[in-house]
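*Asks:* Sequence:
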Amino acid sequence: MAFKCDRCDKGIVITSQQRHKKGVAGGRWKYRAPKSRKILKPNLQTYRGKLNGQMGKWKLCTQCLRTIKKKQREAKEKTEIKKEKPVSVDS
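Under the numbering used here, the residue at position 30 of the sequence shown is numbered 122, and the numbers go up by one with no gaps.
Hints are computed from structural coordinates only; laboratory data are not their basis.
Quantities reported herein were computed from a predicted structural model and do not represent experimental measurements.
Be aware that one or more of the hints could be misleading.
Label pairs and their calculated CB-CB ranges [claimed, not checked]:
no., residue 1, residue 2, range
1, 107, 154, 17 to 25 Å
2, 141, 108, 35 to 43 Å
3, 163, 101, 13 to 21 Å
4, 106, 161, 28 to 36 Å
5, 172, 108, 45 to 53 Å
6, 127, 172, 49 to 57 Å
7, 143, 110, 34 to 42 Å
Quick reminder that beta carbons are idealized off the backbone N, C-alpha and C, glycines included.
Using the sequences and the hints, build the whole thing.
*Replies:* So this is what it looks like as structure tokens:
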């Protein structure tokens with residue numbers, strides 16, 4: 093699908109929207125609060141990298157993108173902590 097997140101399947105949501113116009117003296121009820129459809133699309137970003145163990149180009153919503161980048165940052169910090177050598181104190 094065009095507007096769907098590859099990770100969480102967030103997609104298009106259709107809602108109803110009411111538009112309130114000023115009334116006209118003498119009626120005109122059809123213009124009072126006409127209902128129309130409103131289409132809400134997810135904020136999708138392209139992401140090149142590893143997802144579910146596969147490299148590729150993915151369409152991700154910003155929430156999933158933030159989650160993935162956070163996990164990558166935490167994994168990087170873990171490996172950096174392991175690489176650091178303990179400092180010996182001479183007395």
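*Asks:* Now look at each hint and say whether the structure bears it out.
*Replies:* Hints, one by one, checked against the model:
no.	hint	result
1	107 with 154: 17 to 25 Å	holds (20 Å)
2	141 with 108: 35 to 43 Å	holds (38 Å)
3	163 with 101: 13 to 21 Å	holds (19 Å)
4	106 with 161: 28 to 36 Å	holds (30 Å)
5	172 with 108: 45 to 53 Å	holds (51 Å)
6	127 with 172: 49 to 57 Å	holds (56 Å)
7	143 with 110: 34 to 42 Å	holds (39 Å)
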